[in-house]
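Q: This is what each chain is made of:
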Amino acid sequence: MASLLDKIWDAHIVERIEGTPDLLYVDRHLVHEVTSPQAFEALRLAGRKVRRPDLTFAVIDHSIPTDDRSRPLQDEVAEAQLAALEKNQAEFGLTIFFGDTDPRQGVIHVTMPEQGIVLPGYTVVCGDSHTASHGALGALAFGIGTSEVEHVLATQTIYQAKPRQMAVEVRGVLPPSVAAKDLILHIINVVGVAGGNGHAIEYWGDGVTALSVESRLTLSNMTIECGAKIGLIAPDDITFKYLKGRPLAPDKANWTTFETYWRALFTDPGHKFDRQVSIDASEVLPRATWGTNPAQSVPLSGRVPGPGDFSDPAEQIAVEKALRYQNLQPGIRLADIPIDYVFIGSCTNGRIEDLREAASILKGRRLAKGVTALVVPGSGLVKAQAEREGLAAIFTAAGCQFREAGCSMCLGMNPDFVPSGFRCASTSNRNFEDRQGRGSRTHLLSPAAAAATAVCGRLTDPREFM
Amino acid sequence: MIKKITTFTSLAAILDRANVDTDLIIPQKFLKSISRKGFGRYVFNNLRLRPDGSLDPTSSLNAPRYQGAGILVSRENFGCGSSREHASWALLDYGFRAVVAPSFGDIFKNNSFKNSLLLVELPGVTILELIQLINETPGLELTINLLDQRISGPKGFATTFDFDPYRKKMLLNGWDDISLTLKKEVLINAYERSHRYP
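Residue numbers (this note's numbering), protein chains in the order written: chain A, 1 to 466; chain S, 1001 to 1198.
Because the hints were derived from the structure by calculation, they are not lab data.
Be careful, since some hints might not be right.
[Claimed, not checked] Sample of chain A residues with no beta-carbon within 10 Å of chain S, all distances over it, derived:
id, residue
1, 169
2, 411
3, 438
[To be verified] Quick partial rundown of chain S residues pointing at chain A, CB under 8 Å, derived from the structure:
id, residue
4, 1032
5, 1066
6, 1084
7, 1111
8, 1182
We put the beta carbon where it would ideally sit given N, CA and C, even for glycine.
Please take these sequences and the hints and turn them into a complete structure.
A: Here is the structure:
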């Protein structure tokens, strides 16, 4: 009785020696400009090659501006980073590279599934913690550091100790007004910010299988925010339909062979997980974070908690610290928190369905006075589709800035950041201190909630517009 | 690269907060360098330095008693969040050789191992005891002995810690794992030929 993780893991063991981590084969190595230059440089110094340039897929996403992209970039250090990846791609012969002028360029975790590069049953690694996203397709995917990137480039393998396994079951189907983002914020709140450390999490139950692939990507994406670096969802008909016809997915001649294999990728009934968590979908409400870690969230209809609401003394200190940083008083309603910035985008919520949700609320409405809103598509293709569907026109008519694809204000490595002391409602994944810019204050929420917030100028439950 | 570690003694500093994320260890604006070196001056930038770049004298990490510290004692879930290895590089470049905490983020743990930044896990109560001891004893030095898996200091402070045997062996020998894996090329070739995946 094997789990989904066991099946993929065991199929990728190159070498297993008792008492050491397994040596696993890597099917897909995704590479971006921030965490790869030092790895390529080390290869160069050691006179090593990239073992499988055909299995190494590169894209520029973190440092690239989303407005003026003319080269050389104004930011010389960012320019050097882009130039380094371009040089490395050419020198080491990487087959697939989505550079700054390629229409497929975008956030790595948006653009790779979009191209059919990630498939069920694959092992996928990337120097980026949100690699957990790809588990949504039934791939075993996790974030790694630059030294591990170097190891994978040189050997196409990675040493990994097998994680403990947790199952998160979502019983019942989410109400239509509740998004995958609300579900994952709810789950992280239940599991705790470090509750997933040392674990892989498989999501299952009606509440998961009813989700579209894009929503599943949102769900699996934030797995790392409770400490688990792997999220997994068994592939099904919804997955196969999503993959069919994607540029690099199996073609007609090979499709049946692949699909037969994919259909065997599920956790056998009766498999015993190390830990099980059960979530009642009917209890999941539109949420937002109030604090400085992604576990610190409450329903948008609720109030900001205070230290007194927690029993653990360490937790009380953490809450006090978070409230001080966020400049919030315990007990105030979330709906009374005014917002300066709204960011819609990122690897969590930068896909077409996310933009549709946001546009459905912004249609025919205007941003509240004083609100600056950025809509940053997850890829050039998402941008083009949003333009074709008329979503871009809705955003600009509402007063939002509709930008080029990239990581943007999720982490503010490029010129898009939140100034000190300002408050941002963001569809991204981290509300850490200084994450969106030094002194910035972040509230994580869904695209619909972000749009509703943009219209009202304060945190807003999107159900007010539904 | 993995460098040999056996025993070392160093001044200990405290960062008394839980869930220290890698964004805090090294903020985004310093991630654009394409080198592995030079991140030390930016470690905990937003805690240590004012927005104009000058040292903040009120920051505990800037306290004279902690200057030259090679061991950092902190709380639960140290190094959570982003996979940026720049966090391990920055801590090492600043002069830290070990972090002692109740638990660590999974990816940070791997990154630190690969750079020989030693992570020592001690129970929360022992950490509290240690924090108190350091507060009471200016200039307190700790000795970490990886071979015996033992950490000790003045006033009879001594305890053992768990450590993964594989990693211990790699660190005690300072082995470069890429060279070792490249020696397994035959196995990798064989796997590629027989990969059952369609």
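Q: So, for every hint listed, does it hold in this structure?
A: For each hint, the structure was consulted:
1. The claim that residue 169 of chain A is not at the interface with chain S holds, since no C-beta of that chain comes within 10 Å of its own (minimum 23 Å).
2. Its beta-carbon lying about 5 Å from the closest one in chain S, residue 411 of chain A breaks the requirement of being farther than 10 Å from that chain.
3. A cut-off of 10 Å between C-beta atoms contradicts the statement that residue 438 of chain A is not in contact with chain S; the least separation is 6 Å.
4. Hint status for residue 1032 of chain S: holds, given a least beta-carbon distance of 4 Å to chain A, under 8 Å.
5. Residue-level restraint check for residue 1066 of chain S is violated (minimum Cβ-Cβ distance to chain A is 20 Å; threshold 8 Å).
6. Below 8 Å, beta-carbon pairs count as interface contacts, and residue 1084 of chain S has one with chain A at about 7 Å; its hint therefore holds.
7. The interface hint given for residue 1111 of chain S holds, since its Cβ lies 4 Å from the closest Cβ of chain A, which is under the 8 Å cut-off.
8. Interface restraint check for residue 1182 of chain S: the shortest CB-CB distance to chain A comes to about 6 Å, inside 8 Å, so the restraint holds.
When held up to the earlier numbered hints, the structure conflicts with 2, 3 and 5 and fits the remainder.
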